[in-house]
Amino acid sequence: MLRSIAVAISFLTIIPVRTTGVSQETLARSGAFFPLAGWIIGVAMAGCGWLMLVAGLAPLPAAVLLVAFEAWLTRGLHLDGVADLFDGMGGSFEAEKRLAIMKDSATGAFGVVGIVLVLLLKTAGLSSLLALVQTWLDFSTFILFICLAFVPAASRWAMMTLAWKSRYPRKNGTGQMFVGQITVKEIFIGFLFLLPVLAAGSSHTSIFIGIAAVFYITMLPSFWLRYRAHELLGGVTGDVLGASCEFGEALGWLAVTLFF
Numbered sequence: 005m006l007r008s009i010a011v012a013i014s015f016l017t018i019i020p021v022r023t024t025g026v027s028q029e030t031l032a033r034s035g036a037f038f039p040l041a042g043w044i045i046g047v048a049m050a051g052c053g054w055l056m057l058v059a060g061l062a063p064l065p066a067a068v069l070l071v072a073f074e075a076w077l078t079r080g081l082h083l084d085g086v087a088d089l090f091d092g093m094g095g096s097f098e099a100e101k102r103l104a105i106m107k108d109s110a111t112g113a114f115g116v117v118g119i120v121l122v123l124l125l126k127t128a129g130l131s132s133l134l135a136l137v138q139t140w141l142d143f144s145t146f147i148l149f150i151c152l153a154f155v156p157a158a159s160r161w162a163m164m165t166l167a168w169k170s171r172y173p174r175k176n177g178t179g180q181m182f183v184g185q186i187t188v189k190e191i192f193i194g195f196l197f198l199l200p201v202l203a204a205g206s207s208h209t210s211i212f213i214g215i216a217a218v219f220y221i222t223m224l225p226s227f228w229l230r231y232r233a234h235e236l237l238g239g240v241t242g243d244v245l246g247a248s249c250e251f252g253e254a255l256g257w258l259a260v261t262l263f264f
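Numbering-wise, the numbering used here comes out as the position in the sequence shown, counting from 1, plus 4.
Derived by calculation from the structure, the hints in this document are not laboratory data. It is possible that part of the hints are untrue.
Taking CB as the label site, the calculated pair distances span [said to hold, decoys possible]:
1) Asp108 to Trp228: 20 to 28 Å
2) Lys169 to Val21: 23 to 31 Å
3) Lys101 to Leu6: 40 to 48 Å
With a straight-line Cα cutoff of 30 Å, these simulated BS3-like cross-link-like pairs (lysine-lysine) come out [as the list claims (entries may be wrong)]:
4) Lys189 to Lys169
5) Lys107 to Lys169
6) Lys175 to Lys189
A virtual CB, placed ideally from N, CA and C, is assigned to each residue, including glycine.
Taking the hints into account, I'd like the entire structure generated from these sequences.
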């Protein structure tokens, strides 16, 4: 278990966690702890956001810095998936050609547009969220920061649900370590990292509805991509997983501003 946790943190962040003797099975099992890595990312972002607001920084520049901070903390791993997915979908109408374009390390016009749109959406959501924090200096402030940290965890759990029982369309690749390899056990363990927030919100109806709505909206990209990726690409690749995570974060932070 400790090795799987170390692999998850090492794979999804720049945190220097030592991992040795990692097998294919360990990589797949580490998916159960992707939400834990998401919590680490989210808590770090919430802490930095709070510090910037305390220092007197306005919500918009603070949001821009938070988006940049997350990209640094995650090595832009999932943003690369967004670029590749946009390039592939925009570059051809045939599944094989789309996959070939996505595998190319060069980023085209569609990929640039995709990254810009995702970053703008994430910045807009975080900026609005931080503006609410400035307005509500009470218990609601704590709830908003919890939601800020919750979204990265939920989006990484959604990414694993997308990998569960999906088909990998290539003979080999990074995504093959997870796509179709995730089991119900990993899905269940991962959900346990989200359950405390959902359970805590159940004591207050309006808060629970808000958290449940944020959770569902964060999950939407994984639902949609499961259907579209199999239809247009013949399966789910690592780029599709990464893109679902980025889309989930963008929609999740926007949802926080709608329901709180």
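Quick rundown of the hints versus the structure:
1. Hint check: Asp108 to Trp228, Cβ distance near 24 Å, so the stated range 20 to 28 Å holds.
2. Range check, Lys169 to Val21: about 29 Å between beta-carbon atoms, so the 23 to 31 Å window is met.
3. The beta-carbon spacing between Lys101 and Leu6, approximately 43 Å, falls within the hinted interval of 40 to 48 Å.
4. For the given pair, Lys189 sits about 13 Å from Lys169 by alpha-carbon distance, which is consistent with the 30 Å threshold.
5. Annotation: proposed proximity of Lys107 to Lys169 holds, straight-line Cα distance about 22 Å (limit 30 Å).
6. For the suggested pair Lys175 and Lys189, the alpha carbons sit about 26 Å apart, so the restraint of at most 30 Å is met.
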